[in-house]
Amino acid sequence: MKNAALLSVLALSSPAFANDIQSDDEWEFLLVFPMIWAPSIQGDVNSGGDVVRVDVPFENISDGLAFGLMGDFYAQKGKWLVGARANYLYMKDEATTQGMTGPIFGTVISPGHNVTTRMHLSVNDLFFGYEVYPKLEILTGVRHTFSQVQLDISARSDEGLININTSSILADEHLFDWLVGLKYNTYFNDDWGISVSADFNLAGDNDVNRSFNLSGIYRFNDSHNLWFGYRYLNIANETRSGDTVLEIDLVEKGPQLGYAYSF
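If you use mature numbering (1 follows the signal peptide of the UniProt record, and there is no 0), the sequence shown corresponds to residues -18 to -1, 1 to 245, in order.
Any given hint might turn out to be false.
Now the in silico label distances, taken between C-beta atoms and shown as ranges [what the hints assert, rightly or not]:
id: 1; residue 1: Gly60; residue 2: Leu184; range: 38 to 46 Å
id: 2; residue 1: Ile135; residue 2: Glu10; range: 39 to 47 Å
id: 3; residue 1: Tyr115; residue 2: Ala77; range: 22 to 30 Å
With a Cα cut of at most 27 Å, we get these calculated BS3-like pairs of lysine-lysine [as the list claims (entries may be wrong)]:
id: 4; residue 1: Lys61; residue 2: Lys117
id: 5; residue 1: Lys117; residue 2: Lys235
id: 6; residue 1: Lys235; residue 2: Lys74
id: 7; residue 1: Lys59; residue 2: Lys117
Everything labelled a hint here was simulated from the structure, so no lab data went into it.
Remember, it's a predicted structure, so these values are computed and weren't measured experimentally.
For each residue, glycine too, the CB sits at the ideal point set by N, CA and C.
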């Protein structure tokens, strides 16, 4: 018994055991920024009968018509996790309508119009997590969604009976949702790892609010990392302001690339 007690004391006082305790007691931080997101965007915005079809394919990213910037911050101590995520997405879609002339004298009825849709979308999360299984964490928290959709219509010339020049805000809203999700991180060796997360809303202002992230990780050293992968986001809701019903249903998906710093 004395020998067993002595071995236990020696084990508890050993550097390896002390490092394990210290590791559990210390906060570990991870900052992922900047993270560039280059999504394709599809969906509809319906405001009081004015329907805007959004369809920005991935190839339009090179023209600066779709661009996203993201940042993540994680603080972990033992099995507990606190985190924040911020996402900003800008989209611009342009279309041109054909002009119209009279059938007999060729009088210009409408010169045609340039139609430009601009959308600003911000998705921000504050969440807490707990490791329920090695490297697997359950998450819960709040997601704030801001969306603004602007529609600009301008006539291609001053001619014609139907000559429209107008700018209107179809959507401008701040919405909140309660989220739940899962997050899994692991490293295959000293250099390569993977991070997977998915979440959806249980309650809140949006009818649908769900996302999926898949990221590969390459470690240059203990502090500096490269993150790359794919992100999917789907947001849909119906809100009423007076007699006007606003419906938004958007899907954004595409590759992401960024830098992460551990400390």
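Cross-check of the supplied hints:
1. Gly60 / Leu184: 38 to 46 Å: 26 Å, violated
2. Ile135 / Glu10: 39 to 47 Å: 52 Å, violated
3. Tyr115 / Ala77: 22 to 30 Å: 50 Å, violated
4. Lys61 / Lys117: Since the Cα atoms of Lys61 and Lys117 sit roughly 9 Å apart, the hinted pair holds (cutoff 27 Å).
5. Lys117 / Lys235: 26 Å, holds
6. Lys235 / Lys74: Measuring from Cα to Cα gives roughly 16 Å; hence the hint holds.
7. Lys59 / Lys117: 13 Å, holds
When the structure is compared with the earlier hints, violations turn up for hints 1, 2 and 3 and for no others.
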